[in-house]
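2 protein chains.
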Amino acid sequence: MTYCVAMRLCDGLVFASDSRTNAGVDHIATFKKLHVFQREGERVLVIQSAGNLATTQSIISLLTSRIESQQTPNLMQAETMYDAATLIGETVREVIHRDSKAQQNGSNTNFGCNMLLGGQIGNEEHRLFHIYQEGNFIESTNDTPYFQIGESKYGKPIIDRVLTPDTPLEQAMCCALISIDSTLRSNLSVGMPLDVMIYRRESFHAREQQRIIESDPYFIAIRKAWSEGLLNTFRQLTPFPTQP
Amino acid sequence: MTYCVAMRLCDGLVFASDSRTNAGVDHIATFKKLHVFQREGERVLVIQSAGNLATTQSIISLLTSRIESQQTPNLMQAETMYDAATLIGETVREVIHRDSKAQQNGSNTNFGCNMLLGGQIGNEEHRLFHIYQEGNFIESTNDTPYFQIGESKYGKPIIDRVLTPDTPLEQAMCCALISIDSTLRSNLSVGMPLDVMIYRRESFHAREQQRIIESDPYFIAIRKAWSEGLLNTFRQLTPFPTQP
Numbered sequence: 001m002t003y004c005v006a007m008r009l010c011d012g013l014v015f016a017s018d019s020r021t022n023a024g025v026d027h028i029a030t031f032k033k034l035h036v037f038q039r040e041g042e043r044v045l046v047i048q049s050a051g052n053l054a055t056t057q058s059i060i061s062l063l064t065s066r067i068e069s070q071q072t073p074n075l076m077q078a079e080t081m082y083d084a085a086t087l088i089g090e091t092v093r094e095v096i097h098r099d100s101k102a103q104q105n106g107s108n109t110n111f112g113c114n115m116l117l118g119g120q121i122g123n124e125e126h127r128l129f130h131i132y133q134e135g136n137f138i139e140s141t142n143d144t145p146y147f148q149i150g151e152s153k154y155g156k157p158i159i160d161r162v163l164t165p166d167t168p169l170e171q172a173m174c175c176a177l178i179s180i181d182s183t184l185r186s187n188l189s190v191g192m193p194l195d196v197m198i199y200r201r202e203s204f205h206a207r208e209q210q211r212i213i214e215s216d217p218y219f220i221a222i223r224k225a226w227s228e229g230l231l232n233t234f235r236q237l238t239p240f241p242t243q244p
Numbered sequence: 001m002t003y004c005v006a007m008r009l010c011d012g013l014v015f016a017s018d019s020r021t022n023a024g025v026d027h028i029a030t031f032k033k034l035h036v037f038q039r040e041g042e043r044v045l046v047i048q049s050a051g052n053l054a055t056t057q058s059i060i061s062l063l064t065s066r067i068e069s070q071q072t073p074n075l076m077q078a079e080t081m082y083d084a085a086t087l088i089g090e091t092v093r094e095v096i097h098r099d100s101k102a103q104q105n106g107s108n109t110n111f112g113c114n115m116l117l118g119g120q121i122g123n124e125e126h127r128l129f130h131i132y133q134e135g136n137f138i139e140s141t142n143d144t145p146y147f148q149i150g151e152s153k154y155g156k157p158i159i160d161r162v163l164t165p166d167t168p169l170e171q172a173m174c175c176a177l178i179s180i181d182s183t184l185r186s187n188l189s190v191g192m193p194l195d196v197m198i199y200r201r202e203s204f205h206a207r208e209q210q211r212i213i214e215s216d217p218y219f220i221a222i223r224k225a226w227s228e229g230l231l232n233t234f235r236q237l238t239p240f241p242t243q244p
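Line by line, the protein sequences are chains A and B. Position one of the first sequence corresponds to residue 1 (the working numbering), numbered consecutively onward. Position one of the second sequence corresponds to residue 1 (the working numbering), numbered consecutively onward.
Hints are supplied without guarantee of correctness; some may be wrong.
Note that the list lumps identical chains together, so a pair holds whenever it fits in one copy or between two copies.
What the hints assert, rightly or not - With a straight-line cut-off of 25 Å between C-alpha atoms, the simulated SDA-like cross-links for lysine to any residue are:
1) K224 x T144
2) K32 x G112
3) K224 x R161
4) K224 x R235
5) K224 x A23
6) K32 x P241
7) K101 x Q38
8) K224 x P241
9) K224 x Y82
It should be emphasised that the hints constitute simulated quantities derived from the structure, not laboratory data.
Could you build all of it, start to finish, from the sequences and the hints given here?
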């Protein structure tokens with residue numbers, strides 16, 4: 001499993017992903033699920049992936065090699081974020097079709113995947129998309145300023161409570177990390193380290209990427225402060241009134 | 001869907017259930033999912049149910065009618081909580097077998113259900129079981145002092161953070177209600193009103209049952225206090241440090 005979250009805010013975009021991949025509990029590995037395509041000053045595209053690792057790696061490989069070989073269309077030619085999402089959706093369909101049609105009778109491997117795409121191209125606003133395994137996609141709006149893929153339920157309540165489109169980027173990243181912390185505690189298939197990135201609107205660079213490891217002092221500090229804060233809040237609640 | 005939680009603590013047992021049943025989003029109804037069987041002074045058995053409503057209602061009907069007709073075995077004859085769990089498990093198998101064997105070709109109805117059984121009989125300690133649709137079951141221990149059935153993920157992190165076997169019953173009920181609140185906010189298929197009950201060890205009565213409706217002043221107050229407490233805690237966290 002996987003947990004990735006991306007947020008589209010007034011000031012830019014926030015991305016956070018775990019890095020655990022597993023096929024059963026005894027086959028665990030670490031893979032980065034946050035991929036950046038950029039031409040500094042002109043476009044930044046960030047893709048997060050969940051689902052079948054063979055599928056998602058193939059999609060990223062094909063997207064990359066088609067840029068390198070200057071094949072048309074490719075992500076560096078897309079004129080809008082919508083075009084980029086369409087191109088990724090087509091690549092999703094291509095890989096899933098290729099791999100699943102060769103499936104042997106009786107095998108029921110799930111080749112599916114989900115992807116998040118956020119970024120900014122030229123004069124457009126920064127945008128965020130959720131691309132499904134069918135290759136179609138939805139776009140984030142102010143009503144729904146974030147998307148999650150993978151093991152999303154444990155970490156959803158906290159985001160729903162605190163995030164608005166006006167949340168500053170640094171606070172939104174803190175919220176994303178708390179959301180991942182709740183998921184890490186509840187689900188073994190989501191694991192450290194984390195890959196995170198802040199994209200500031202109209203910056204057109206991807207310099208604020210970071211890998212957060214278990215011993216990261218900031219992550220340790222907010223996990224502890226959040227845990228203690230929740231416990232204190234809980235202790236101050238009135239206990240259930242005993243019936244007369 | 002459904003959300004039920006039961007907790008086994010030093011001082012007794014805590015039960016809380018939502019009451020929404022749905023078959024699609026346009027077929028929603030209210031059904032109580034918390035059922036009590038008791039002989040005051042001697043035994044109290046509480047059953048919570050999730051899954052196929054036809055299955056769970058049939059199980060409760062059969063368990064009830066077999067007590068009324070004094071058929072052997074029945075829940076009032078069970079000498080231990082283990083025997084009661086075994087009997088319920090057998091009834092689960094009986095109903096699922098009866099209903100699913102008549103399934104027409106091509107139909108793939110899920111007849112499954114999950115049940116929680118908590119209570120106390122005679123000289124035994126109070127005990128808590130989770131009974132699966134296969135009719136087998138597990139028992140709560142101090143390491144895992146609670147069970148959930150139904151839409152359990154949204155409300156799990158808060159219980160994991162605050163509950164221990166020593167938690168007083170009134171505080172544990174408050175925790176259960178906060179857990180349900182998180183689930184209600186995130187999942188439309190879980191809905192008010194709630195049915196709750198506290199069982200105090202060796203009390204051998206089920207008088208502390210209560211239905212909590214939307215306008216319940218205590219529930220409104222703790223939802224508000226919890227929401228504000230979380231927001232305050234979040235606002236006090238250090239925002240993510242900008243890279244130099």
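Evaluated hints:
1. K224 x T144: Between copies only: 23 Å across chains, 29 Å inside a chain, cut-off 25 Å.
2. K32 x G112: The answer is within: 18 Å in one copy meets 25 Å, while 38 Å across copies does not.
3. K224 x R161: Answer is both; intra-copy 19 Å and inter-copy 12 Å each pass.
4. K224 x R235: both (16 Å within a copy, 15 Å between copies)
5. K224 x A23: Classified as neither; 31 Å inside a copy, 42 Å across copies.
6. K32 x P241: between (49 Å within a copy, 22 Å between copies)
7. K101 x Q38: So K101 and Q38 fail the 25 Å test inside a copy (33 Å) and across (58 Å) alike.
8. K224 x P241: For K224 and P241, only the inter-copy Cα distance (17 Å) is at most 25 Å; the intra-copy one is 31 Å.
9. K224 x Y82: neither (40 Å within a copy, 40 Å between copies)
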